[in-house]
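Engineer: In case you want the letters, here they are:
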Amino acid sequence: MSAAAAQALSMGPFLRIENISKRYEGTDTPAVDDVSLDIARGEFFSLLGASGSGKTTLLRILAGFERPDSGHVFIDGRDVTDLPPYERPVNMMFQSYALFPHMSVADNVAFGLKQDGMAKPERTARVAELLDLVHLGNKAKRKPHQLSGGERQRVALARALAKHPKLLLLDEPLGALDRKLRESTQFELKALQARLGITFVMVTHDQDEAMTLSSRLAVMDQGRVQQVGPPNEVYETPATRHVAEFLGAANLLDATVTDWGNGMATLACDGFPGSFKATAPAALAPAARVAVAIRPEKIRLCEAGAAADNKLQGTVKDIAYIGDVSTYSILLDGQRSLRVQSTNAKRGSLMPTEGAALWLSWDAADAVVIAE
Amino acid sequence: MSAPNRPISPLYLVLAFGYAFLYAPIVLLIFYSFNESRLVTVWAGFSTKWYGELLRNEQILNAAWLSLRIAFVTACVSTVLGTLAGFAIARYKRFPTRGAFLGLLSAPLVMPEVVLGLSLLLLFVALDSAIGWPSGRGATTVTIAHITFCLAFVTVIVQAKLASFDRSLEEAAMDLGAKPWKVFCVITLPLIAPALAAGWLLSFTLSLDDLVVASFTSGPGASTLPMVIYSSVRLGVSPQINALATIMISVVALFVLLSGWLIFRQDKARRG
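Those protein sequence lines, which keep their order, are chains A and B. Here the first sequence stands for residues 1 to 372, where the numbers follow my numbering. Here the second sequence stands for residues 1 to 272, where the numbers follow my numbering.
It cannot be assumed that every hint is accurate.
Label-pair ranges, simulated between beta-carbon atoms [said to hold, decoys possible]:
1. B/Ala-193 with A/Glu-122: 29 to 37 Å
2. B/Ile-263 with A/Ala-191: 39 to 47 Å
3. B/Arg-69 with A/Gly-150: 50 to 58 Å
4. B/Ile-249 with A/Asn-138: 49 to 57 Å
5. A/Ser-184 with B/Ile-249: 54 to 62 Å
6. B/Pro-180 with A/Gly-137: 28 to 36 Å
7. A/Ala-191 with B/Pro-180: 35 to 43 Å
8. B/Ile-249 with A/Ala-125: 50 to 58 Å
9. B/Ser-259 with A/Glu-122: 37 to 45 Å
10. B/Ile-263 with A/Leu-83: 52 to 60 Å
11. A/Glu-245 with B/Lys-179: 42 to 50 Å
12. A/Gly-150 with B/Ser-9: 43 to 51 Å
In short, the hints are calculated from the structure, not lab data. Cβ atoms here follow ideal geometry from the backbone N, Cα and C, with glycine treated the same way.
The following block holds chain A by itself, in its conformation from the complex:
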């Protein structure tokens, strides 16, 4: 956890999700299964997962659209579990944007303020302020269908921010935008969040989006939280096989522990000769079954005689040349292969060709043990 987030959490979480479970009628498996999370004030928190992982259901529980079967939600110390959506200090930006098609842009943004009974002059001023914030001051009188996708997204954001929510929920906020627009919008969103200081909770299936935007993220699978932490921590030290494979690419080798000491494990990998070393912060008993995760960019292509913590021999099966990097598929023992990524830092540098025999090596610090 980053120092800032740790400090903020030490003052008590702003949003506390406590043992939330939810099963939809007519289904066997719970959509959300005993999830607990603490989120600090001002955080940009992401719920990351594939479709069906329960992330959207959790977000809808935070918004008040779904009632959890058990558990509690606290916002700023107050139990809001039983509050209807219209009484929560929370606003949401919908994936479809859900702009009211029969109202102008200004009326859309003003809608929430109107419900609060804000007087007309104040309301007009606030709407103008918000539309300026999202650079849509000149489109106030347009109807939603007259706007581009990016503009609609900004109207939805302005509308959700209008009431100064304590907590803003974002459901795939960039999902409907094309790639170019998505990148620029990402940075705008992040800058806006930092400026306003509102706590954001975002749901996304896009790992790049989650990594770029979040101060912390939670990876969800089958209704459970698999791992919580800052993006780099979750990426570098995946806690489960699912996290390792979902967040970026990972090579996973099945192994048995032979020895453990000082945060370092010695392992025997199934089907490979010799011993391997990998990072393992938690104590491991000898003979425990584990998996080793090695990220493709952390494996080096090297000479036979090079010294390294871990080494394996293989032949090049496939090469994907992307330009800045190349991804190699290295066949190890006739059936299993490893993914290796290397940067093409030098122009015209010599690259391995298909079928070439070579050695792979990686540092013990770059391999992570995942306890089963």
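Given the structure of chain A, go ahead and fit chain B onto it with the hints provided.
Structural biologist: Chain B in isolation, oriented as in the chain A frame:
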């Protein structure tokens, strides 16, 4: 872009035949409504005298007024009830007796009118002798009968509209602080209004030209316009009926154009 010297496709002949089949009787009817002669099929010069005579025909005017009143009440009540039923079907996917509910609503759509009319007549008679209401048969019983089958049409229209309705709009409104009733009034209702208008117009028209069900459920002194037309045609067609039919066609055409224009305007607004 027209291609010169292209032979006329035989498809156009079929089209012309189709048009003639559908429109010729109507054109003929309008044409003869301006006939001077008493005899419907003999042309004796242009005249509007039958329109004048129609306006002096108390029986027809009373029947028309009654029909309009029945149609208006029927349209209003069945729009309200049909909307409620449409919501129940579209929004509550599982409740006990849902199957029976669906059957109840589609029965009037598929049941022969004669059966519907007869069953309602039996019901009214039985109710009358059991609880004394509705006492006798007349405008009230016809209205109830019309609501019974118009309701089903409105339900179908509203439910179809709700099936394609984006629920996140309602959630967004609620999220922004609007209570459920407010959400219904300012978001849902304006967005499904075209379906309600279509349902109302359809009910109005169905009620206005119903003969069979009205004949079964009406009583002495409460003859609707179709009933009066039907009985007077049995005594020989008067050119007055032609004039009346022309007026009715004009009114219906006006309604159709109006609803078409409303739909067109909405489509245009949506696409920009």
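Engineer: Let me make sure I understand: some of the numbered hints might not hold for this structure. Which ones are they, in numerical order?
Structural biologist: Number 10 only.
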